[in-house]
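Peer 1: These protein sequence lines map, in sequence, to chains F and S.
So the first sequence is residues -12 to 359, counted in the numbering used here.
So the second sequence is residues 115 to 243, counted in the numbering used here.
You may find that some hints are simply not true.
DSS-like cross-link-like pairs, simulated, lysine-lysine; straight-line CA separation at most 25 Å [stated by the list, open to error]:
#: 1; chain 1: F; residue 1: Lys347; chain 2: F; residue 2: Lys277
#: 2; chain 1: F; residue 1: Lys144; chain 2: S; residue 2: Lys225
#: 3; chain 1: F; residue 1: Lys180; chain 2: F; residue 2: Lys228
#: 4; chain 1: S; residue 1: Lys225; chain 2: F; residue 2: Lys59
#: 5; chain 1: F; residue 1: Lys199; chain 2: S; residue 2: Lys117
#: 6; chain 1: S; residue 1: Lys225; chain 2: S; residue 2: Lys117
#: 7; chain 1: F; residue 1: Lys180; chain 2: S; residue 2: Lys182
#: 8; chain 1: S; residue 1: Lys117; chain 2: F; residue 2: Lys139
In silico negatives: residues of chain F with every beta carbon more than 12 Å from chain S [stated by the list, open to error]:
#: 9; residue: Leu83
#: 10; residue: Asp84
#: 11; residue: Glu288
If you are wondering where the hints come from, they were derived from the structure by calculation, not from laboratory data.
Don't be surprised by glycine CBs; every beta carbon is placed ideally from N, CA and C.
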Amino acid sequence: MKVIVIDDEKAMHYIMNKMLGKFSDVDVVGCFGDTPSAIQYLDEHEVHVAYVDISMPGETGIQFAERIAQLKPELHIVFVTSHDEYALHAFELAALDYMMKPVNLERLGTSVERARALFHSQETAAAESDSNPVRIYALGGLEVQTAHGNVKWISRKSAELFGYLLLHRGRVVSRVRIIADVFGDMPPSNAEKYLNTSIYHLRKALEPHGLKSIIQSDSEGYRLQLADACIDVVEFEGNVKRLAQIDSSNLEEALESETQYVGDLFGERGFGWALNEVERLSALYTDFVKKLANVLLEQHEEDAAIRTLNKLFNRNELDEETVRLLLQAYAAKQDQESLEALYQRHVTVLREELDIEPAKELEALYAKLLAQ
Amino acid sequence: MLKLLLLEDQSADQEAVERIIRSLPDVQWLGAYANPQEALAEADRNRPDIVIAAIELADMNGLAFTSKLQAIHPSVRVIVAAHSGDYAREAYDAGARGYLIKPIDPNSLMKVLGTVSTLKECSNMNKLE
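With the sequences and hints as input, model every part of the structure.
Peer 2: Quick look at the structure:
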């Protein structure tokens, strides 16, 4: 456990160094006479606990703790002071401990024990997340999978919040914007509270998977920071871009990429703020499948073409191009029964839902294919 | 689920905390105890994750209760509650992780619950969940 001491009294550096040195797992990596030099060190080095004096010339220990909470939220603060009037403030700052000078070894021992327990749980979580492949499935639902199994969402809103931060991953989204988009249906005072609770639920749900720290917060808002997670929707989109030209050389890959799209973004969850993104991805998928089906037909892979086109047809029975491709596939397979059934189905749906007749070109194509 | 137990001998304060806690979906209410001995016995039986302990009690000082509870169950996180901030330094000595000023309002209670559950060493808690 790496610790530093911040105190304007040089004698305290000596005392703390000597006392902390008695704990074999504690490593005093630096002693600083003021907070700016400590912050400079913290910027470049890993430190787990800071033992901080409160009354110092320049920035006080309290001001330092406030500032460092934003910069290094994972650093634990232990105040070491001759004043007892700041203890309540220390609780508000979530300081780990508050010790009175002169420091006694037994009390310091309790404090080190407290820090040690926290340090070990964080180490374990960090070690786990290092060897912990994270897979996020956002197509057809919302699942996060780690070596420990699936993340169990504590509340519906916390899952929604995860989905929201996932779309904005790597960027800070302001609290105001989150509230407007995700909690817009409730009065502002409740929304603020609900957001806090949902963040808390979310971290709670991620914690057993060693992922609590991926939800980062600052005074502005929240950010989802994923180091190397595999996100199905990102992979899918990457594949579609890469497979802009489909031919016999990459047909296998294209078929595999098609199967990644197991459903629309977030599936049945139907988040209102995600509608544009759902539409965009759905259009991307549709175009991709049509391109793929054309190639499959050229390559005389009718069965594969029929399988993928039927998925499109089930999504939208009104789409003329899907029907055209599927008719051609059935005709190539000389499956007259399916050819007729499909055309009749399309005609019925057009009449029922739109009260229109099929396009002339499609009618002509159908007649031609039927005659073959 | 976080299991929460309350030590409080004022019925109005008991009710206030219970109302807030019961409105939180992921906190399980283990009950309110006016007597520190009974609260300790309940902690032995049901292993709370969080205990809220009033400091100003008729029977025993809530700080003494906190030290005792921490000695028996070091992983329980204790939030103390008092009418003033006067006991804050002693609360740190007793091992408290959070401090509430009465009357307890929902916002400060939720804030302190958030803090103590981030500040945690309870790998045993993960297993419970």
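Peer 1: Are the hints correct? Go through all of them and say.
Peer 2: For each hint, the structure was consulted:
Taking the CA atoms of Lys347/F and Lys277/F, the gap is near 21 Å; set against the 25 Å cutoff, the hint holds. In summary, the hint linking Lys144/F to Lys225/S is supported, as the alpha carbons are separated by about 18 Å, within the 25 Å threshold. Annotation: proposed proximity of Lys180/F to Lys228/F is violated, straight-line Cα distance about 41 Å (limit 25 Å). This hinted pair checks out: Lys225/S and Lys59/F have alpha carbons roughly 19 Å apart, not beyond 25 Å.
The straight-line distance between the Cα atoms of Lys199/F and Lys117/S is roughly 20 Å, inside the 25 Å bound, and the hint therefore holds. For the hint pairing Lys225/S with Lys117/S, the CA-to-CA distance comes to about 17 Å; that is within 25 Å, so the pair holds. For the given pair, Lys180/F sits about 34 Å from Lys182/S by alpha-carbon distance, which is inconsistent with the 25 Å threshold. Taking the CA atoms of Lys117/S and Lys139/F, the gap is near 18 Å; set against the 25 Å cutoff, the hint holds.
Against the 12 Å criterion, Leu83/F falls within the reach of chain S, whose nearest CB is about 7 Å from its own CB. Its closest Cβ contact with chain S, about 6 Å, brings Asp84/F to no more than 12 Å, contrary to its assignment away from the interface. No beta-carbon of chain S is positioned within 12 Å of the beta-carbon of Glu288/F; the least distance is around 49 Å.
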